[in-house]
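K.L.:
Taken in order, these protein sequences are the chains called G and Y. UniProt numbering applies: residue 1 is where the first sequence begins, and numbers increase by one. UniProt numbering applies: residue 1 is where the second sequence begins, and numbers increase by one.
Don't read these hints as lab results, they were simulated from the structure. Treat the hints with caution; some may be incorrect.
Same chains, same names: a pair is fine if it fits in one copy or spans any two.
As the list claims (entries may be wrong) - Capping the alpha-carbon separation at 27 angstroms, the derived lysine-lysine pairs in DSS-like fashion look like this:
#1 32 <-> 237
#2 91 <-> 237
#3 237 <-> 36
#4 295 <-> 336
#5 32 <-> 9
#6 74 <-> 171
#7 295 <-> 175
#8 336 <-> 237
#9 237 <-> 9
#10 171 <-> 295
Computed from a predicted structure; not experimentally measured.
Number of protein chains: 2
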Amino acid sequence: MLQVNVELKERSYPISIGAGLLAEPVSYHPLKQGDKVMIVSNPTIAEHYLATVTSTLETLGCVVDFVLIPDGEKYKTLSSLDLIFTALLEKNHNRDSTIIALGGGVIGDVAGYAAASYQRGIRFIQIPTTLLAQVDSSVGGKTAVNHPLGKNMIGAFYQPISVIIDTETLKTLPKREVSAGLAEVIKYGAIFDLAFFEWLEQHISELVQLDQSALEYCIQRCCQLKADVVARDETEKGDRALLNLGHTFGHAIETHLGYGNWLHGEAVAVGMLEAAALSHILGDLSEQDVFRIEKLIAQATLPTISPDGMQPEEYLPYMWRDKKVLSGQLRLILLKSLGSAYVTSQVTEQQVIDAIRRFTQQ
Amino acid sequence: MLQVNVELKERSYPISIGAGLLAEPVSYHPLKQGDKVMIVSNPTIAEHYLATVTSTLETLGCVVDFVLIPDGEKYKTLSSLDLIFTALLEKNHNRDSTIIALGGGVIGDVAGYAAASYQRGIRFIQIPTTLLAQVDSSVGGKTAVNHPLGKNMIGAFYQPISVIIDTETLKTLPKREVSAGLAEVIKYGAIFDLAFFEWLEQHISELVQLDQSALEYCIQRCCQLKADVVARDETEKGDRALLNLGHTFGHAIETHLGYGNWLHGEAVAVGMLEAAALSHILGDLSEQDVFRIEKLIAQATLPTISPDGMQPEEYLPYMWRDKKVLSGQLRLILLKSLGSAYVTSQVTEQQVIDAIRRFTQQ
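Looking at chain G on its own, in the form it has when it is part of the complex (with noise of 0.2 angstroms):
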């Protein structure tokens, strides 16, 4: 088993990394005999894996209940917070019950929320099932749910527990969730590690068939790169924005199409080559490396071109509602280099079409 820590003083928590980890007791940590637990899933993940925690949980002496939550980013709203609650109220859960988030991103940010929210704060664990949510969205305490007029709008700064990463549930992920977790792989190359970038390129196809030793370094790596960016900014006034590349370009996908006709990660890989090409465009990043991303993305499988008819003028008002827009001026990440990000306020809006045009259908 691989571990990483998340360093933040007494908020501090470990993730842990390992096969078959959920079922062993010890992975549950703190959680002991007569601690009131409320799983949160969905029944796609629950069908899997509700039977193998309930029972080790219980082996523990925990008194588990759980709720399922319908499955994908539409449901990531303020209705299914409140199935949470009401499950969390009916069975009598106070400020000394755990919380544990048993799916993907939106399974963790929802029931990470509802966790940061019942009672003013109660405890929670973070479980992830997807790549996506291993490599990047339960590390950091980033919680959410979606706002019809914009994607994570309503949400907490709210620290798990402790992450627990069982290598084995990438087994049961459609090969399409797979694809959208390495966008985010590939985006921690291109902010923060070139030698990372290069391994990528020389192993994305093991990524691709789950080699599970390509798979284990990968995910210890982005935590990793994570952790020590959450640790210097928890709360994303400096540095940690810079996790966000191609994401505002890639919210506007999202928002547009309706939230979960993209995966989010196949957003966020249209989405940096996007802020990719305004890079070249701004004179930084060379059309080399331009390529070298589109190349990288289009090997994981991903989609390299702008949604059906979606035009560039058309991602302007969701990029404007941005959480990064401050005092009116929209901020950007961009790439000085492959492996160097940082924030911008200086493109105009017309270097900001041209960028999309590029990877925009004609």
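Position chain Y against the provided structure of chain G, taking the given hints into account.
P.N.:
This is chain Y only, laid out in the frame that chain G set:
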């Protein structure tokens, strides 16, 4: 103008108390030219004060929007929260915006939770316009909405950047709400400050008649007592729980009747009497001191008896859902003597029922 400071290190903030503060630009520090502001209020309060607050902020050069939510405890819901989020998004408010809560406890709680949650947290300012909000709910950072199965079950600890108390707003407050505020005032004397309790015994009729100098002293004293306990224990892991004297009983009354039929302060008044009776049954509070509390509550024109038809046994299921229940054990705030409160789990169900019965219609 009187001032009380809430000392919470980098999140410290001032409470300003005085007549006519709403019309003075300096009250709104640190808001400045170009800042975006969303005022959250209800139709009744807006009619009286929205124009004054808006024009004073516009004098400063702020860009001011507002959103009204319906009046009353029954609208302290996730739906009202959603109204605020929609207004913020429609008007393109971002992370640098500020929410101003202009109203009573319901407005403060909902607007504060909206500020805690919108884009994972933006600034907010409390302008409490009821006595209850001025002496209690606007200070200390507790925000919440209700759930059909329990009061204040969903929320956050989230501090304002300042609290502005304009005592002139009490002139438009219905008499019944003034009395409800006095229930919390009496509570401060009972749990923390015998001398203040005795001052109240001498000045209660002046307070009921809105004598301005009595009110200003009273509000300042309550805010100081609240600020002290919040500074010691922001997230209610210790002392702060003492502020809940009478609230576990009171919440049972409010939930049983449906939110908004009795005012919060009215339910707390009867709950405080029941807690006092229980303290007497346990051999702590003298019979005479129970009478002193009952007399003061009656002089404040508050109810001194359970709602029609609500039997002692009907309190129990609601009380067991209280946020203070830990490991299945009911925890109550009781009085050792007038001016001194403590937390205990050492009460039997029968003692609770006997205490309630003393203030139940036969």
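K.L.:
Using 27 angstroms as the alpha-carbon threshold, which applies to residue 237 and residue 36: within, between, both, or neither?
P.N.:
between (35 angstroms within a copy, 19 angstroms between copies)
K.L.:
Under a CA distance limit of 27 angstroms, which applies to residue 295 and residue 175: within one copy, between copies, both, or neither?
P.N.:
For residue 295 and residue 175, only the intra-copy Cα distance (19 angstroms) is at most 27 angstroms; the inter-copy one is 72 angstroms.
K.L.:
Using 27 angstroms as the alpha carbon limit, work out where residue 171 and residue 295 are close: within a copy, between copies, both or neither.
P.N.:
within (25 angstroms within a copy, 70 angstroms between copies)
K.L.:
Have a look at residue 32 and residue 237 and pick one of within, between, both or neither, based on CA distance no larger than 27 angstroms.
P.N.:
between (36 angstroms within a copy, 21 angstroms between copies)
K.L.:
When no copy is specified for residue 91 and residue 237, does a C-alpha distance of 27 angstroms or less occur within a copy, between copies, both, or neither?
P.N.:
Result: close only across copies, 23 angstroms inter versus 38 angstroms intra.
K.L.:
Evaluate residue 336 and residue 237 at a C-alpha cut-off of 27 angstroms and name the case that applies: within, between, both or neither.
P.N.:
For residue 336 and residue 237, the Cα distance is within 27 angstroms only inside one copy (20 angstroms; across copies 47 angstroms).
K.L.:
Quick one: residue 237 to residue 9, C-alpha cut-off 27 angstroms, is that within a copy, between copies, both, or neither?
P.N.:
The answer is both: 18 angstroms in one copy and 19 angstroms across copies each meet 27 angstroms.
K.L.:
Which holds for residue 32 with residue 9 at a C-alpha limit of 27 angstroms: within a copy, between copies, both or neither?
P.N.:
within (23 angstroms within a copy, 35 angstroms between copies)
K.L.:
Evaluate residue 295 and residue 336 at a C-alpha cut-off of 27 angstroms and name the case that applies: within, between, both or neither.
P.N.:
within (19 angstroms within a copy, 74 angstroms between copies)
K.L.:
State whether the alpha carbon distance between residue 74 and residue 171 is at most 27 angstroms within one copy, between copies, both, or neither.
P.N.:
within (24 angstroms within a copy, 48 angstroms between copies)
In terms of the numbered hints stated before, the structure departs from none.
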